[in-house]
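Asks: Chain residues, written in single-letter form:
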Amino acid sequence: MTTATTTSTTAEASNGSLLLTLMKLRTFIALFAVIAFFSVFAPNFLSTANLILMSKHVALNAFLAMGMTFVIITGGIDLSVGSIVGLCGMVAGGLILNGIDLQFGYTIYFNVFEVCLITLAVGIVIGAINGLLITKLNVAPFIATLGTLYVARGFALLSSDGQTFPNLVGKPELSTTGFAFLGSGRLLGLPVSIWMLIVVALAAAYVAKCTPIGRHIFAVGGNERAARMSGIRVDRVKMFVYMFSGFCAAIVGLVISSELMASHPATGNSFELNAIAAAVLGGTSMSGGRGTIGGTIIGAFVIGILSDGLVMMGISSFWQMVIKGIVIIVAVVVDQAQRRLQQQVTLMQLAKKG
Amino acid sequence: MQPVQDEDCVLRLEDVTKVYSGIVAVRHANLALRRGAVNVLVGENGAGKSTLMRIIAGVEKPSLGRILLDGKEVEFHSPADAQRHGIGMVFQELNLFGNLSVAENIFATREVTRGLRGIDHRAQIDKANHFLDRLDAGIDAETLVEDLPIGQQQLVEIAKAISLDTRILILDEPTSALSAAEVDVLFKVIRELKAQGVAIVYISHRLEELMRIGDYITVLRDGQITGHAMIRDIDTKWIVRSMIGSDAKDFAKSVDHRLGKEVFRAEDICLPRRIGGLAVDHMGISVRAGEVLGIYGLMGAGRSEFFECVIGQHPHSTGRVHVGGVDVSACDTSDRIQEGLALIPEDRQREGLVQALSIASNLTLASLERFLRLRFHIVGEKERAAIKAAIRDLSIKAPNPDFEVTSMSGGNQQKVVIGKALMTRPKVLLMDEPSRGIDVGAKADVFRTMRRLAGEGLAILFSTSDLEEVMALSDRIAVMSNGRLVTVIDRTDATEEMIVKASAEGHKTTREHA
Numbered sequence: 001m002t003t004a005t006t007t008s009t010t011a012e013a014s015n016g017s018l019l020l021t022l023m024k025l026r027t028f029i030a031l032f033a034v035i036a037f038f039s040v041f042a043p044n045f046l047s048t049a050n051l052i053l054m055s056k057h058v059a060l061n062a063f064l065a066m067g068m069t070f071v072i073i074t075g076g077i078d079l080s081v082g083s084i085v086g087l088c089g090m091v092a093g094g095l096i097l098n099g100i101d102l103q104f105g106y107t108i109y110f111n112v113f114e115v116c117l118i119t120l121a122v123g124i125v126i127g128a129i130n131g132l133l134i135t136k137l138n139v140a141p142f143i144a145t146l147g148t149l150y151v152a153r154g155f156a157l158l159s160s161d162g163q164t165f166p167n168l169v170g171k172p173e174l175s176t177t178g179f180a181f182l183g184s185g186r187l188l189g190l191p192v193s194i195w196m197l198i199v200v201a202l203a204a205a206y207v208a209k210c211t212p213i214g215r216h217i218f219a220v221g222g223n224e225r226a227a228r229m230s231g232i233r234v235d236r237v238k239m240f241v242y243m244f245s246g247f248c249a250a251i252v253g254l255v256i257s258s259e260l261m262a263s264h265p266a267t268g269n270s271f272e273l274n275a276i277a278a279a280v281l282g283g284t285s286m287s288g289g290r291g292t293i294g295g296t297i298i299g300a301f302v303i304g305i306l307s308d309g310l311v312m313m314g315i316s317s318f319w320q321m322v323i324k325g326i327v328i329i330v331a332v333v334v335d336q337a338q339r340r341l342q343q344q345v346t347l348m349q350l351a352k353k354g
Numbered sequence: 001m002q003p004v005q006d007e008d009c010v011l012r013l014e015d016v017t018k019v020y021s022g023i024v025a026v027r028h029a030n031l032a033l034r035r036g037a038v039n040v041l042v043g044e045n046g047a048g049k050s051t052l053m054r055i056i057a058g059v060e061k062p063s064l065g066r067i068l069l070d071g072k073e074v075e076f077h078s079p080a081d082a083q084r085h086g087i088g089m090v091f092q093e094l095n096l097f098g099n100l101s102v103a104e105n106i107f108a109t110r111e112v113t114r115g116l117r118g119i120d121h122r123a124q125i126d127k128a129n130h131f132l133d134r135l136d137a138g139i140d141a142e143t144l145v146e147d148l149p150i151g152q153q154q155l156v157e158i159a160k161a162i163s164l165d166t167r168i169l170i171l172d173e174p175t176s177a178l179s180a181a182e183v184d185v186l187f188k189v190i191r192e193l194k195a196q197g198v199a200i201v202y203i204s205h206r207l208e209e210l211m212r213i214g215d216y217i218t219v220l221r222d223g224q225i226t227g228h229a230m231i232r233d234i235d236t237k238w239i240v241r242s243m244i245g246s247d248a249k250d251f252a253k254s255v256d257h258r259l260g261k262e263v264f265r266a267e268d269i270c271l272p273r274r275i276g277g278l279a280v281d282h283m284g285i286s287v288r289a290g291e292v293l294g295i296y297g298l299m300g301a302g303r304s305e306f307f308e309c310v311i312g313q314h315p316h317s318t319g320r321v322h323v324g325g326v327d328v329s330a331c332d333t334s335d336r337i338q339e340g341l342a343l344i345p346e347d348r349q350r351e352g353l354v355q356a357l358s359i360a361s362n363l364t365l366a367s368l369e370r371f372l373r374l375r376f377h378i379v380g381e382k383e384r385a386a387i388k389a390a391i392r393d394l395s396i397k398a399p400n401p402d403f404e405v406t407s408m409s410g411g412n413q414q415k416v417v418i419g420k421a422l423m424t425r426p427k428v429l430l431m432d433e434p435s436r437g438i439d440v441g442a443k444a445d446v447f448r449t450m451r452r453l454a455g456e457g458l459a460i461l462f463s464t465s466d467l468e469e470v471m472a473l474s475d476r477i478a479v480m481s482n483g484r485l486v487t488v489i490d491r492t493d494a495t496e497e498m499i500v501k502a503s504a505e506g507h508k509t510t511r512e513h514a
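Quick note, the sequences are listed as chains F and U, same order.
Residue 1 is where the first sequence starts when you use my numbering, and the numbers rise one by one after that.
Residue 1 is where the second sequence starts when you use my numbering, and the numbers rise one by one after that.
One should not assume that every hint holds.
What the hints assert, rightly or not - Residues from chain U that face chain F, not an exhaustive set, calculated with beta carbons under 7 Å: (1) Thr333; (2) Leu365; (3) Ala366; (4) Leu368; (5) Phe376; (6) Ser407.
Hint data in this document are derived by calculation from the structure and do not stem from the laboratory.
Glycine included, C-beta positions come from ideal geometry on N, C-alpha and C.
Starting from the given sequences, assemble the full structure and let the hints guide the process.
Replies: If you want it as structure tokens, here you go:
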């Protein structure tokens, strides 16, 4: 909730509000802090080439984090996104390289566009399975998605026996060429994956703000029982968020294998943790009901810039982990402090009114 | 009120005030508890009895004022703290661990240990059985609490409090789930404890019980103490008068209007209880357009459960519900709301509001489809206009509709819940305890709104455990007891005695298992 503003009339309350405003803008402040820090200490940090490269890195995490944000707002969690990334990469790679073998001598090949659609469908289906487990079978989100994490990773490894699908250039006669466009193509000077991020982010932000399903996502996470009583179909809302999360993961699977022009079954390992970190850093509350897409994107940028910047400064990757962990913890502590302060300020205003 | 100065007084509250976010629960209360006596506390729902007791038991800290124990000022930081001072409490809502045995529950946090060899289960069970025998409970200390019916769980809770060796024992509606025989046993134990010099605080809504067991009585109204007397000097009329007050509440005048056709009919609604029996027992009722039907009943009479069945929250319930001639029995909550049903739930915080959302988003939560373009885009101006209209119509005191809903007082929060229901344009409005936990002014607003809506042709069913409210607001009065509809009376024929008598009906006959 970075955009909310408070107005206060009295002088002493404005002190609290100033602190509150600062705390609300903490993700922005963190973003500017890391950018300022690295522009001073990391050579070439502000060069266009580097900024674009970093954005491409950030985009991958940002996709996952957006899906994760919706899931967390409903009060759930999706641990399976990393594995979905891996499996979807393998699906895309396998379809381009080998097609579908129909067992009686024929093999179906799809063109790149169809491959992408199928891959996205796979991601959405796994999300739907998560959703069904959680809504119909009442499995706790943590456990349900932990299960699909293993299953999806297992299938990814099985699909190639643990091998990489290399060299996804495709054959012109099968119209399977052009897969590289997603990962390394450019439109108007910006990488395609960035354009995709912009489109998906705008769509997600629009859904969150201006559609009933968006409002329902917040309501379900804020108070599921009240949401049910208000006639919200809670199960459908949950299905939607897990399917959207699967969809975002599938996009990342496509982009990564397109960037590398190869699919490796271990791709996306522990990506889910980065996605959760970005969401939390962006102000999403793990207890549900609060969060914004904009905040999450900024959170993803903070984490991405932090890790790339530290690499550029030549800091050991072990230290990077320590620093990243501290940043996340500080973010949550500040988040809690802000909520307490907010409560105090409202209580005070209430008490003054009588 | 005169502070009591005799030496019998074991605990005294001086000028105690408790404020929660949005509501003043207790206002400058002075209360003296005498040892070796049953100190009765009465008041309507939301009068502040439970809050006052939670302060004494160390669950809540008073916002203002002090607590004097044996004349010395004390401060309780936790229930354990209060227990060390000899104060035990049986809460209205049971605080038991269902997954532990009766003995383990009784000795929770003060287990009988054998040094390093861990808990002495044998000794615990023996001691627990001793306390249970005193209550004639017929409960085995080794059974799991969750396997006991609710009445026996209540007895376990009482046994636990007795086992604490307390000087002050607070019983918050201890009989609400007990059968008549169990109540007799409880009273016997209370007399024993009294003889031992224990100060007992007894909270109940059942006036005849108070007259039987009480020595001193204190009456609370809207967080203030309005009367204090010896039981032998007074009668039930005095109690009712002090509870309700001479400054009768501001009930809006009934607007004369003609009743329309029947718009709501429930037939044969049944809801099984988890521990056996029926929470709603073959309930059937019909309401006409423009009619206000008050459903009166004690706690646990099944009113809330009935409303939840009607709105479609209980898939296991049976029976039929018709709204405006349409059978909605097969629909889910969402479709029933579409058909013109709306529920204002009893527990505003748990079931009515989404605390993280703004006032505005809460208001439109159930009726977003009214503001859509192309079936998915919420048109901002339309929504804002509707929110403004609702805030004006219900006189919600909202400084800014974009603030979080918890920034307002309880009464205004309740109005938001009502507004949310009204924005779905219902034909039938179900209101479960619409005046619970809100201040006098907000109550008057809510009652006025109910009148206005009935005048506009809405059928209203509301539940209450407030006699005066049900008499003043309803066109017809239905009384529920133990899940059953006991009687339906026209307001013109109804008397308070009839209603009170009917509300106890269901507790006499059944409950053989308890």
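Asks: Next step is simple, just say for each hint if it's right about the structure.
Replies: Against the structure, the hints:
1. Thr333: Cβ of Thr333(U) sits 5 Å from chain F, so the hint holds.
2. Leu365: Because about 5 Å separates Leu365(U) from the closest Cβ in chain F, which is inside the 7 Å limit, the hint holds.
3. Ala366: 4 Å, holds
4. Leu368: At about 4 Å, which falls below the 7 Å cut-off, the nearest Cβ of chain F leaves the hint on Leu368(U) intact, so it holds.
5. Phe376: Holds: closest Cβ of chain F sits about 5 Å from Phe376(U), inside 7 Å.
6. Ser407: With Cβ-Cβ at 4 Å, under 7 Å, it holds.
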